[in-house]
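Please construct the entire structure, taking both the sequences and the accompanying hints into account.
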Amino acid sequence: MLDETRHATFPSLNRAYNTVFKPGRMSIGLVVPLEAYPHGAVPDMARHAERARLADSLGFAALWLRDVPFNVPSFGDAGQLFDPFVYLGALAASTRDIALGVASVVLPLRHPAHVAKAAASADVLSGGRLLLGVASGDRPDEYPALDMGFEDRGERFRDSVDYIRAMAKHYPRARTAHGILSGRIDMLPKPASGRLPLLITGGSQQSPDWVARNGDGWMTYPRDAATQGRVVGEYRHRIVEAGLPDKPVMQSLYVDLVAQADASPQPIHLGFRSGTDHLRRYLMQIREQGINHVALNLRFNGADIEDTMRRLADEILPAFHS
Numbered sequence: 001m002l003d004e005t006r007h008a009t010f011p012s013l014n015r016a017y018n019t020v021f022k023p024g025r026m027s028i029g030l031v032v033p034l035e036a037y038p039h040g041a042v043p044d045m046a047r048h049a050e051r052a053r054l055a056d057s058l059g060f061a062a063l064w065l066r067d068v069p070f071n072v073p074s075f076g077d078a079g080q081l082f083d084p085f086v087y088l089g090a091l092a093a094s095t096r097d098i099a100l101g102v103a104s105v106v107l108p109l110r111h112p113a114h115v116a117k118a119a120a121s122a123d124v125l126s127g128g129r130l131l132l133g134v135a136s137g138d139r140p141d142e143y144p145a146l147d148m149g150f151e152d153r154g155e156r157f158r159d160s161v162d163y164i165r166a167m168a169k170h171y172p173r174a175r176t177a178h179g180i181l182s183g184r185i186d187m188l189p190k191p192a193s194g195r196l197p198l199l200i201t202g203g204s205q206q207s208p209d210w211v212a213r214n215g216d217g218w219m220t221y222p223r224d225a226a227t228q229g230r231v232v233g234e235y236r237h238r239i240v241e242a243g244l245p246d247k248p249v250m251q252s253l254y255v256d257l258v259a260q261a262d263a264s265p266q267p268i269h270l271g272f273r274s275g276t277d278h279l280r281r282y283l284m285q286i287r288e289q290g291i292n293h294v295a296l297n298l299r300f301n302g303a304d305i306e307d308t309m310r311r312l313a314d315e316i317l318p319a320f321h322s
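Residues in the sequence shown are numbered consecutively from 1, following UniProt numbering.
Derived by calculation from the structure, the hints in this document are not laboratory data.
No residue lacks a Cβ here, since even glycine has one placed at the ideal position from N, Cα and C.
There's no promise every hint is true.
[Claimed, not checked] List time: in silico SDA-like cross-link candidates among lysine to any residue, alpha-carbon distance up to 20 Å: (1) Lys190 to Ser12; (2) Lys190 to Ala92; (3) Lys190 to Asp152; (4) Lys190 to Ala166; (5) Lys117 to Val72; (6) Lys190 to Arg287; (7) Lys117 to Phe82; (8) Lys22 to Ala319; (9) Lys117 to Tyr171; (10) Lys117 to Leu181; (11) Lys169 to Ser12; (12) Lys117 to Ala92; (13) Lys22 to Arg287; (14) Lys169 to Pro11; (15) Lys169 to Asp159; (16) Lys22 to His39; (17) Lys22 to Arg173; (18) Lys117 to Pro69; (19) Lys117 to Arg173; (20) Lys22 to Leu244; (21) Lys190 to Arg15; (22) Lys22 to Ala166; (23) Lys22 to Ser182; (24) Lys117 to Ser182; (25) Lys22 to Ser193; (26) Lys190 to Gly89; (27) Lys169 to Gly194; (28) Lys190 to Gly127; (29) Lys22 to Met284; (30) Lys169 to Asp152; (31) Lys169 to Arg158; (32) Lys117 to Val211; (33) Lys190 to Val86; (34) Lys22 to Lys190; (35) Lys22 to Gly59.
[Unchecked claim] Quick list of simulated restraints, FRET-style, between CB atoms: (36) His39 to Ser12: 43 to 51 Å; (37) Gly179 to Pro318: 47 to 55 Å; (38) Gly59 to Ala261: 15 to 23 Å; (39) Ile268 to His170: 23 to 31 Å.
Here it is as C-alpha cells:
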C-alpha cells in the first residue's frame with residue numbers, strides 16, 4: 001500500500017461503513033447463501049435465517065448478498081434466490097450488529113429511484129447497517145428480458161450513481177437520463193446517516209479515475225498478494241491525485257476449509273482449498289497490501305457449514321477483529 005495513504009482515515013458514513021472499514025486493518029465477512037452447493041447452480045437456502053444469526057453472534061463483520069435477477073445457466077450461480085432488498089429487510093429484523101451488504105446491485109437493470117428508496121429503507125430499518133455495492137452487470141442474457149441494452153450499460157450506470165446521490169438530498173434538483181428531479185418532490189426515508197455508502201464493483205464499464213473519484217470504496221477480485229498490492233496501490237494513487245480522503249478496498253474469496261490446519265493450498269474457483277494456517281497467512285499478506293475487508297464464500301466448502309463458521313470465528317477472526 002502507498003505510504004501516503006497508510007495512516008489516512010476513511011470518511012464517516014454510516015454504522016456499517018465505520019465498523020467494517022478501518023485504515024490499516026481488515027475485517028472478515030461471509031457471502032450468502034451460507035451453504036455449500038458445489039455441483040449445481042441453485043442453493044436450497046437451508047437454515048439461512050439461523051445461519052445469518054449465527055454469523056452475527058460469532059462476530060463476523062458483514063453478510064453479503066448478490067443481485068441475480070434471472071437464473072442464467074451459463075453463469076452457473078443463482079445466488080441467494082431472494083430479491084436482495086426484500087432479503088435485506090428480513091435480515092435487518094433477524095440480526096443485530098452484523099453489516100448487511102449487497103455485492104452488487106446491477107444498476108442498469110433497475111431504475112435508480114427504486115434502488116435509492118429500497119436501499120435507504122434497508123439502511124434505516126437496520127440501524128445504519130447497509131453497504132451498497134453497485135455494478136454494471138456481466139450477464140448479457142438478462143438485458144433483453146428487461147428491454148435494456150447491454151453495450152450502453154456503462155453510461156446508464158454513471159447516470160444511476162448520480163441519481164442515487166441526488167436522492168439523499170432534501171427535495172433534490174437534478175436532470176438525468178433517468179428523470180428530472182424538480183426540487184418540488186422528495187423521497188423518504190433518507191439514509192440513516194444522510195448518505196448511502198456506494199462501493200464500486202470492479203471497473204463497472206468506467207475509467208479507473210472515475211471509479212476512484214466516485215465510489216466510497218472499491219470491490220475487487222482475489223489475486224495473489226503481490227499483484228493485489230500493486231492494483232490497490234494504483235487505486236489509492238488515483239484517490240491521492242484527486243485530492244480525496246482515502247477509501248477502503250475489499251475483495252471476495254472462495255474457500256474450502258479442510259480439517260488439517262497446516263494443509264497445503266490447492267486452487268479452486270476464485271480461491272483455494274486449505275487449512276486455517278494458509279488462510280490466515282494469505283489474509284495477513286493482503287491486509288499488508290491494503291485490503292480492508294474480505295468476504296468469504298463457502299459455496300465449495302466440503303465440511304459442515306456451521307462447523308466451518310465456528311472454526312473461522314475461533315481460528316481466523318481473532319487475528320483480525322479486536
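Each hint, compared with the structure:
| no. | hint | verdict |
| --- | --- | --- |
| 1 | Lys190 to Ser12 | holds, 16 Å |
| 2 | Lys190 to Ala92 | holds, 17 Å |
| 3 | Lys190 to Asp152 | violated, 30 Å |
| 4 | Lys190 to Ala166 | holds, 11 Å |
| 5 | Lys117 to Val72 | violated, 27 Å |
| 6 | Lys190 to Arg287 | violated, 33 Å |
| 7 | Lys117 to Phe82 | holds, 18 Å |
| 8 | Lys22 to Ala319 | holds, 15 Å |
| 9 | Lys117 to Tyr171 | holds, 14 Å |
| 10 | Lys117 to Leu181 | holds, 14 Å |
| 11 | Lys169 to Ser12 | holds, 17 Å |
| 12 | Lys117 to Ala92 | holds, 16 Å |
| 13 | Lys22 to Arg287 | holds, 11 Å |
| 14 | Lys169 to Pro11 | holds, 18 Å |
| 15 | Lys169 to Asp159 | holds, 16 Å |
| 16 | Lys22 to His39 | violated, 37 Å |
| 17 | Lys22 to Arg173 | violated, 33 Å |
| 18 | Lys117 to Pro69 | holds, 18 Å |
| 19 | Lys117 to Arg173 | holds, 16 Å |
| 20 | Lys22 to Leu244 | holds, 16 Å |
| 21 | Lys190 to Arg15 | holds, 15 Å |
| 22 | Lys22 to Ala166 | violated, 27 Å |
| 23 | Lys22 to Ser182 | violated, 38 Å |
| 24 | Lys117 to Ser182 | holds, 17 Å |
| 25 | Lys22 to Ser193 | holds, 18 Å |
| 26 | Lys190 to Gly89 | holds, 16 Å |
| 27 | Lys169 to Gly194 | holds, 8 Å |
| 28 | Lys190 to Gly127 | holds, 12 Å |
| 29 | Lys22 to Met284 | holds, 15 Å |
| 30 | Lys169 to Asp152 | violated, 27 Å |
| 31 | Lys169 to Arg158 | holds, 18 Å |
| 32 | Lys117 to Val211 | violated, 23 Å |
| 33 | Lys190 to Val86 | holds, 18 Å |
| 34 | Lys22 to Lys190 | violated, 25 Å |
| 35 | Lys22 to Gly59 | holds, 16 Å |
| 36 | His39 to Ser12: 43 to 51 Å | holds, 44 Å |
| 37 | Gly179 to Pro318: 47 to 55 Å | holds, 49 Å |
| 38 | Gly59 to Ala261: 15 to 23 Å | holds, 20 Å |
| 39 | Ile268 to His170: 23 to 31 Å | violated, 48 Å |
Of the numbered hints listed earlier, those contradicted by the structure are 3, 5, 6, 16, 17, 22, 23, 30, 32, 34, 39.
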